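Quick mapping for you: the protein sequence lines, in order, are chains Y and C. Counted the way the numbering used here counts, the first sequence spans residues 1 to 570. Counted the way the numbering used here counts, the second sequence spans residues 1001 to 1424.
Everything labelled a hint here was simulated from the structure, so no lab data went into it. A portion of the hints provided could be inaccurate.
Capping the alpha-carbon separation at 27 angstroms, the derived lysine-lysine pairs in BS3-like fashion look like this [to be verified]:
1) C/1226 x Y/380
2) C/1324 x Y/380
3) C/1368 x Y/42
4) C/1229 x Y/380
5) C/1192 x C/1124
6) Y/37 x C/1156
7) C/1368 x Y/37
8) Y/380 x C/1272
9) C/1368 x C/1083
10) Y/380 x C/1352
None of the values given here were measured: they were computed from a predicted structure.
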Amino acid sequence: MNWMRQKFSTSAIAVLTTALFCGSAGGQSIFSDDWEKFLEEKVSFGGFIENTTGVSISHGSRFFNTSNRFIMNRFTVQPEFNVEFHDSLKLFLSWRFVAEPRYSAETKSREASVQPAGSGGPLPVDFWSEYKGVPWEAVADIFPADRLHLRLGRQFISWGETDGQRLLDVINPQDLTIGPPAAVNLFDLDETRVPQWGLRMLYTIRPVSNTIFEFFANPGFEPKKQRVDEFMPTNDIGDGRADGDLRYGRWSSHPEDRVPVARLLATPSGPVPVVVPTFSRDYPDAGDNWKIGTRLTHNFGELNVGIGYIWGYNPQAGDMVFKTKGIGCLPPATGPSCRIGAAGPFLPTTVSANLVNDRTNIFAAHLNYPIGDPLGIPIKSALRGEFAFYPSKPYNVSEFPARNCATGQVLTGALAARAGPSCKHSDNLVEKNTLRYALGFDRSTFIPFLQDDPWRAFRMSFQIFQSIILDHEDGIRNFGHASKIKKVTTLLTFRVGTGYLGDTILPDVFFAYDPAGYYAVNPGIAYQPPWNENIKISLTTVIYGGHNKYSGLGFFSEKDSVYLKLRYQF
Amino acid sequence: MRVTMPARNFRSSASSVPNNVSIKFYLFLILGVLAVAPWTIHAADPDIKPGETIGPQNWQRIQGMVGENLLSRIKSGYTLQIKPTKIYQPLKEYAEATEKYSGKVRLGPDGELLNYVAGQPFPKLDSGDPQIGQKLAWNFFYRWLGDDYKTGGAVKGGKIIRAAIEKDGSERRADLVSYFLFPSTRYSLNPKPVIPGYEHIDYIQLRVDSYPRDASGTTTLETRYKDPKRADDLYIYLPSIRRIRRATTTQRCQTLAPSEFNLDDINSFNGKITDFNYKYLGDKKILANISQENLPFARKPGDYLPLNEKWEVVDTYVLEITPKDSNYCYPRKLLHLNKVTFDTHWTLIWDKRGEYWKEQFGFFTPVKLADGREVWSVGDVVIVNVQNGRSTIVTATRAYNQGYPASMFSLATLQSIMRGGSIE
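Construct the entire structure; sequences and hints are all you get.
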């Protein structure tokens, strides 16, 4: 794939160069008439330039107070080219250049506040910046036959129809460093996902019934990226520098979580009731992150259904698990009691673990169906459903109350913990059959008294997501924040949006609610001036809450923020 | 403000020429066309002559022949010139299909069409027929539109150009393309008259937004079924999430902002025929432009009126459309149907309070088929919301009979769209 990437890069630079040369108004082009004609008729150019400024509005904690409250000041330029070489061959290329100045106050704050004290380090100043020559997207669309479509290159492949949350849309990884979670009004999904090199094939078996066979192969080969903002507390030290720096991002977990999470992986060896974690992100090697999938869709009358299968590398952050690498003592302590010498002080136990992506099987299905006026009831909604069955999906598992697995004794006194490593599963991993599904209802509704144009509809979307661990076992936990995963977990979402004054003002609110007691609200309002279709100014807020800041959406409760985004499209 | 049509502009039963005589005359004309010769559009009003200029000084001469909003603009200073009426040659294949199949076509109890295959369903119209309104509606729906077409295909750049104009004159532009396939009423391209397997489908429309960038790549696939009880299918591909979403078409009234159109305003009237009641109000001469010369027409920035286009006198049927659903947005809509092509030149809309709401005029322009024959296509279409002062202009000239494969009109195509990309 390296040769392919290099080739695409070369092609892209060539196209960019030619476009730049030919854009000189009034000057004589260095190209022949044929080239000029080709560029004029077959090459189109677009994209956007954008600035996003974010300000923290929550009270923060001593670990995440960023001192100055600017939490984002990001400049993005994304040029995009379409080249139509032939009816059966087209090329799309885009680059994404991102620059985000950092603030020394922020890094100093983090350096001073992480645990263990003094072990933290500042984030690299160019952490969020991207100036790579590798295209963000580079796809060649090839149509070798009437009903056959091949897409080759770095691309997004999306299944499913859910809004704001993902269920079947699990093929491309999501870059959780780019924005806060559950903030669909801040960044589009295609900005927050990571495109991957691969092949996608669509063959239309019977067009009239939308009977389509799809196959994709995704060999991965994405360069490793330090994703400290993934909400798992990776606090990555496996960045190749092995400098031991603990790194926190804007939306990484509370560092306090690391201690209880470590206690789920190891029991203190000595009397010090602390386990110091050393967590690394274990990226799969080339060849281990392949993913292939296939899907068949068909219309039965008004019902559109699809069944599919995905095998291979699962890039989703929420599905990652810790694999314990070793248990030891904080140097210079040694021995079974983690003591310095024979009579020195006791030091904490250490545990090192890798955060790994699993290789997964997903049996997928989707449906959608328009509901009109059954029994005279004006439902007038589009119903959609998605289903994903994960056989033998890995989970981290613990035990309550914590025991000494060697003796079977429940830990007491200072060593007592609410939960500890599983004695039944020595690697703290279990595999469980898991069903995830989502049902959504989309409807456009007129609310005349709320509108300047009574016929400008409000778009409403309601969704329910459930994850069911069919052979659930007590002790299964989300090791990202050490909280239990119940047999059934639920998330409800509601979204409503409309437009005012000829769609110059566009409000949109996304609301997510977990019946376990957590919520997120993401209201946004955009202004598109009536005198220029290329300008868009949007103000977006993300607010989180819940009864427990170490679990669910409450996890982000100290990360409420507001963003002003200015975008110019060209 | 309710617009009333002056009686002198309708050829009602009180006029000097009885309706049935008028209808018979045009039937004779149409049948003649079907048999041998070209369809002809006549400028028959002796009062309005080619070369005349209409302006504030003589606006009364065209009162009732244009929408009230345009008339008020003329009173305020806008002038227009009259030119001879363009004469089009008909499509022989359509005429042959009409002759071959129309004899068996009937209306069902709910106004649905029975035994229809192709061509004009009801070439023989009788003004005394209580069902003439319904028949006119079907003639409008099954007017000749080619076997397929690309809207925007006959404009330089190959795209529909849409300008949404605010009351203060500020404008926003959008570009898109639209592809229509009529798989069960094909006259020129094989297989004909129907693509096997598509007997139950009237049309499939594929629409792709291409400008501005954030909308670019948004694609809709809409299918209209012959079954009067089956709602349209609508799928939308959203580039921001790179996925296809199912949408309902039941809310056909919603404004497609920032334009002033809604789903049923497309092609003047795009509602399901059986969802409405129809009443024939009479014949009428109106001012239109069926030979637009410049695409898009020249205009002042921020204004929707053409500067250098001349107008023609055209004979039309006036068809009143009222919804069966009392909650529908347009309680009354008037179409002015060209007596030969059955395209709409003027569309007038009232709101639930009975006040004048929107008026739409569509220009037409000659375009050529691949074999060189000249046919007509919509050119620029203007819709004005007289209540909020907003207007929308669409330059939407069609390229007919492009031979698009049916496989292009499927969900697989939606998944092959990139931002700014085309689908051909």
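Now the hints, each set against the structure:
| no. | hint | verdict |
| --- | --- | --- |
| 1 | C/1226 x Y/380 | holds (20 angstroms) |
| 2 | C/1324 x Y/380 | holds (17 angstroms) |
| 3 | C/1368 x Y/42 | holds (24 angstroms) |
| 4 | C/1229 x Y/380 | holds (14 angstroms) |
| 5 | C/1192 x C/1124 | holds (24 angstroms) |
| 6 | Y/37 x C/1156 | holds (14 angstroms) |
| 7 | C/1368 x Y/37 | holds (24 angstroms) |
| 8 | Y/380 x C/1272 | holds (16 angstroms) |
| 9 | C/1368 x C/1083 | holds (22 angstroms) |
| 10 | Y/380 x C/1352 | holds (22 angstroms) |
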